[in-house]
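Q: If you want the building blocks of each chain, they are given just below.
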Amino acid sequence: MNRRSFLTTSLLAPFAFPLSRTFGESPIPAQRLGKADHCIFLWLGGGMSQVDTFDPKQLGQNQGEKKLPGSLYPSIETAVPGVRLCEHLSRTAPLMDRVTAVRSVQHKVIDEHAFATNLVHTGRMISGNALYPSLGSIVANQRGAASPEVPAYILVGYPNVSRGPGFLGTKSGYLYLTETSAGPAGFRRPDHLNEDRIARRKGLLEPFLNNASDGAAADYREAQQEALRLAGPGFIRHFRLEEESASLRESYGGEFGQRCLMARRLIQAGVRFVEVSHNLNFLNGAGWDVHNDGIKSQHLLIQELDAALAALISDLERLHLLDRTLIVVATEFGRPPEFDARGGRGHQGTAFSMVLAGGGLRHCGAYGLTDDLSKTVLENPVSIPDFHATILATLGVDPHKDLMDGSRPVPVTDGGTPIAALLG
Amino acid sequence: MYGASDSQAQQSADGNDAFNDISSLPAPALKLKEPAVKAVPAILPGQLRPGQVRVDLCENGLPDKNVWPETSPISTEHYYAEAFGFFETPHFYTDTGVRGDRANPLFFRASARISLPAGKHRLLLRARGASCLFIGGEPVLSTPFPPEGRDDYPFSHQNRFLDLGPNCRFVQPGNRESWCFYEANGAEELAVLETVVGSYAGKNKRRPELGETVVAVCLEGQSNWTLLTPLDGKSEAMLQLTYTDTGWATYRKRIEEKLASANAEARERAREAHYEYWQRRRDIAQDWLASTREEAVPALPPGMPAKNTIDRFIGAKLEAFRGQSVEATQGSVDFFKDVWPILEGRCLDCHRGTKSKGGLRLDQRELALKGGKTGNAAIIPGHLDSGELLQRVQSIDTEETMPPKGERLSAREVTTLKTWIAEGAHWPEFRPVPTTLTPLSEDLAFLRRVTLDTVGVIPTLSEIAAFQIDNAPDRRARVIERLLADPRCADHGVGYWQDVLAENPNILNPTLNNTGPFRWWIHESLLDRKPLDLMVTELVLMRGSERFGGPAGFRVASQNDVPMAAKGTILGAAFLGVEMKCARCHDAPAHHFKQEQLFQLGAMLGEKPLTVPTTSSVPMDKLHAGGRKALIEVTLQPNAVVNPAWPFPEFVAPELAGALAENPTNPADALASLLTAPQNERFAQVMANRIWARLMGRGIVEPVADWENAKPTHPELLRWLGRELVRSGYSATHLTRLILNSHAYQRQTLPTQREPNPIYAAPSPRRLQAEQIVDSLFVATGKPFHTEEASLDIDSNRDMGNSLSLGQPSKAWMLTSTSNERDRPSLSLPRIQAVCDVLAAFGWRATRPDPASIREAAPNILQPAILSNGIMGTWLTVLSDDHAVTQLACDARSPRALVETLFLRTLTRLPSPAERARYEALLEPGFSQRLQVPTPAASEAQPNRPPFYVSWSNHLDPNATRIRMQQEAAARRGDAPTQRLQADWRQRLEDVLWSLLNAPEFLFSS
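Order-wise, the sequence lines are chains A and B. With our numbering, letter number 389 in the first sequence gets 389, and the count goes up by one each step, no holes. With our numbering, letter number 825 in the second sequence gets 825, and the count goes up by one each step, no holes.
Please note that a few of the clues may not be correct.
When the alpha-carbon atoms are kept at most 30 Å apart in a straight line, the in silico DSS-like pairs for lysine-lysine are as follows [stated by the list, open to error]:
#1 B:LYS811 to B:LYS258
#2 B:LYS405 to B:LYS357
#3 A:LYS401 to B:LYS337
#4 B:LYS418 to B:LYS711
#5 A:LYS375 to A:LYS67
#6 B:LYS357 to B:LYS711
#7 A:LYS67 to B:LYS203
#8 B:LYS357 to B:LYS418
#9 B:LYS405 to A:LYS35
#10 B:LYS65 to B:LYS203
#11 B:LYS405 to A:LYS401
#12 B:LYS205 to A:LYS108
#13 B:LYS337 to B:LYS370
#14 A:LYS108 to B:LYS608
#15 B:LYS357 to A:LYS401
#16 B:LYS203 to A:LYS108
In case anyone wonders, no lab produced these hints; they're calculated from the structure. These figures come from a predicted structure and were not determined experimentally.
Start from the sequences and build out the full structure, keeping to the hints where you can.
A: This is the structure in structure tokens:
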């Protein structure tokens, strides 16, 4: 096969030609760029309550006549003196020296999930003038896959525009699967086909492929031959969790944990960016969007996150991959310390937590400071562009460079600055 | 409530999960409370027609909460229907025929004379809104107003839907139902059904939908249910319309067709009302044509084939270019391979077009020789020392060096430039392209291409046969006429305009720069073959329905800080080839149109001054952070107020609006008239160029949406086409006809040619557009296009501002993003997603927050992967009972005949001898034994109870996730294979079909 021309056209192509055209940039010193090679981006859709997880405050009361604002659960000590977490994060707590809870994230957008989800994924306000790429697509575009055998960006969750490549085009898009048993869309052969039929199909297709020997049809043929190969066992085995030991699988926990384990397998295979969405409905219907009664099982969500996150950190460390792999726990907004009529919580974008782990950063357990009830940011505010800039810098991508939307230069972040204390 | 037994499709019911078995129920007592509407409606006998149901729509006087009006509302509009079975009213059209909104809520009254035989019958009433059935002036049945909006209704209430036996369909999501016994004496009676369409969810309104508003009857002693139908004056019997799933589907399909033609007639009437104005516009256009120079049609060079005038222009250019290309072969440097990439990549961002830096342009040879403001020639052919280009790229002075930012040119690049200049700086107009004309394409290749280019799908077997038996010498022209008259042309056009106009509806909580679903206006405009100037005028006036398909939907841009500026960029690119995306926030480096001009345009569109927000500006201090002069400028400060003004006097003088616009004092109307004025030659040419580019593979001007820096390849032809468009009354069909009938269009493709040939010596194979691929796959296989309704609120329980329904998709363009930003399995639409996955892989955009005139066309491995292994691929390649190839296989006379049919259906050609032999050899074994008698299912009694439905109203119930996961698994499995064909043989045929559908050839129009 003519691999060279395949690589220049296919979705799986490493980004072979870095953009050299720049636009009003001031390159930051290379030493302030990190050396991480992969990113596992855990998405807690619905809005994780920071006071009930990574930014615990005084205990509140969500039942009865007189409700008291505050955390719903007691807090515990962690490996980092002075940094406390909610008690349901007990497995992550001893690992907090490999973790930084960024407690001072803030944005000002309306309280709507899709809108804020778009902001946290693209780092931009929506605009009618450009379709902005997601963080995953930017990383895919800038770094390519670490191996030509796999795509740069895989999503375990539902496809949507916020996760998409925007103006960077399909080659920077994702392969997706909706759950661990589903297999990646387009690369899992239908279950009703046996090996004989697959062979027969290939045999029948072959002459048609040979016919397509010229021009655009020949380009398509090459993509098709590659697709046929990838639908085979070599690529699909990265999705086969059965190859992991039972005890390891168990340590990761339920479906969310299994997705994290799959993410680890995928980055080992060379995938650059894996977004893993927390499977929301399974536990309480609304996931992290804990309005009203939804909050009754919030502790189960936190425990599931705890098990998966702690297992992922430990597993990556065991494989000497933690320093090269940045784990991000992201969400569209946080929640206020006050409770609603039925003891749940509303939305709060003005102060909330997102989490970074591994990636070779100088971790400090927690960064940024909120007030006594985590309603406002007191120290070290971090905007969404700043948060993106931090992730990109950690992955060795200059956060001040420009991407090209056709002939139009678009800064990779909307004026974001990396958190210097973490990059060192 | 009237009926003692009613069930609600939405009710926070608890307990009773047992299915209702009506046969075991005691007869409900007909004990009626206070009538819902105090006055029984007065129907004048003269208003009723035999055999028809009169429907009155009453738009005035409804309360602003969920209660019945005190008095019976007055009819504002009426029409006639055939039975008491309603799902949609005819649309209301306003202005020149754009969809408008009726009152919401709307009062709906259906009345007819009926006659039920003597006996004790069962009557059933179902409706989405509150409803009441009167017979003989007495209220007989009613249903309540829809319940409050929720997201966690328990599923148990779905078990309480009435089970009226196998001969009655179940209630649909979002409808309420009740039934009773009714004692008839055989006399003629008046039946009146009243319902309130639309309701309140708190203070907000719900979509005004009829759902399935039905009166059905089951006569004493019988078990089959039929729709209540009016008494026919001529025959005693009432029409028999069975109310089963299939009966309803047949009925619905027929009524949908009737409604579509009623709607078309209503649009026609609306346009008629504006006939005088538009006739005046036509006269002005003809006067203008008469007063301006006609484009001279060149003589046809010897040896050039020509079928019409277009070919004369093409031929003359070809002849001229053949001369040029000889010159280009001199020298050791290949200009397009070696030099152009350097200029394009490193210089042209600033040194091209109308706003070049330092006045220097490097995009054309003569301008580069001329030089810029420094007065020095940039390039002096043959001289290595004196040209400014070579000096500046080699300079180390930071104030002098070029390019000003980024990496310097490499030594190799500099050497290339030097060699090129030393050898004379040869600069041909085009890359080397084939100049030898190909002959006319083969008949079937022509048929496939022209069918795809008009109706958007591959030809069917009967279309192929009709073409092949036509022996007339003008058979190609005849097939073009047939296709141009085909309503499927509208389907083919929608996707293009959705992209260009950034149509971007969102079925859930629209906050992502979403618009209304003005796809329906696009579709109807194309169906009606509206003149392009009228269509653009309707768009610019943005009237009609915002949320239900009028051009007012274009007005919306949710969460956008200046919607009208965003819309201005769309209009500029779509209709004038003016690219102003940059001007949204700052004056652009490469375009001379300024932010102020965009805001002037936006102010005209919005009919009021526009204020520049801080969010759409670039702070100047950031711009001056660096050393050299910033590339972009900001000349409009935040909070500046910009008044409506026509920003493009170079295209047409603003004063013309006074004579042209229907209402010149209205800024939007003035804008529409200036955009579409015949004097505005740019408009006609941009539109002609768009039509040309879609049919010929590239525009005479490229890019089609940004003309500022472009040079037309055929300026005379472009002008001629523009005038033809004006002459024809802005008929896109006329221009399409001209192009399709040209020799240039009908030439054989050159498979080795990757890019479109700019002199049109031969077409290049073109990959089908995403929608063409999906729709053609369904045409080729005959597999029904079946997805969920495009809505996450199928029971209409939510505020209509937050939940749209885009209806039941039957074509690719009707789909949209499933919008599962929440990652909730319960909000997934697995079948729609499966089709969207295919579309998206081939360049379709599930959401369109910004306009696009061209799509990404590069191949990627997701494309073959999703076709070969994706869920939609499974549906198409499993021979289920409803698959057309199953029937073909059953009916086939021989393997050979079957193989030939399959090739024609999929690839529009017969198999080659080798292909025929290969496939015959595969299908011959077992062919004569392939048929088998289906083994009857274990239980004959098929329950007709529908599966549980999931909607926003119940998606937080844990059952919702479980049910959706089952639906996802079912979508993945596809339909069961047929039992009519022996399994091993069937599987071989499935593999044959798979190979044909996955052949690269399927995706290309050659």
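Q: Hint by hint, note whether the structure agrees.
A: Hint-by-hint comparison with the structure:
1. B:LYS811 to B:LYS258: Holds, at about 20 Å.
2. B:LYS405 to B:LYS357: Given pair LYS405 of chain B, LYS357 of chain B holds - Cα atoms ~14 Å apart, limit 30 Å.
3. A:LYS401 to B:LYS337: With a Cα-Cα distance of about 28 Å, the restraint between LYS401 of chain A and LYS337 of chain B holds, given a limit of 30 Å.
4. B:LYS418 to B:LYS711: 26 Å, holds
5. A:LYS375 to A:LYS67: 17 Å, holds
6. B:LYS357 to B:LYS711: 19 Å, holds
7. A:LYS67 to B:LYS203: 29 Å, holds
8. B:LYS357 to B:LYS418: Holds, at roughly 23 Å.
9. B:LYS405 to A:LYS35: Between LYS405 of chain B and LYS35 of chain A the Cα gap is close to 26 Å, so the pair holds against 30 Å.
10. B:LYS65 to B:LYS203: Distance ~8 Å between LYS65 of chain B and LYS203 of chain B Cα, so the pair holds.
11. B:LYS405 to A:LYS401: It holds: about 12 Å lies between the C-alpha atoms, which stays within 30 Å.
12. B:LYS205 to A:LYS108: 29 Å, holds
13. B:LYS337 to B:LYS370: Cα-Cα ~24 Å, so holds.
14. A:LYS108 to B:LYS608: Given that 30 Å is the threshold and the Cα spacing comes to 28 Å, the pair holds.
15. B:LYS357 to A:LYS401: Within the cut-off at roughly 23 Å; holds.
16. B:LYS203 to A:LYS108: Holds, at roughly 27 Å.
Taken one by one, the earlier hints all hold for this structure without exception.
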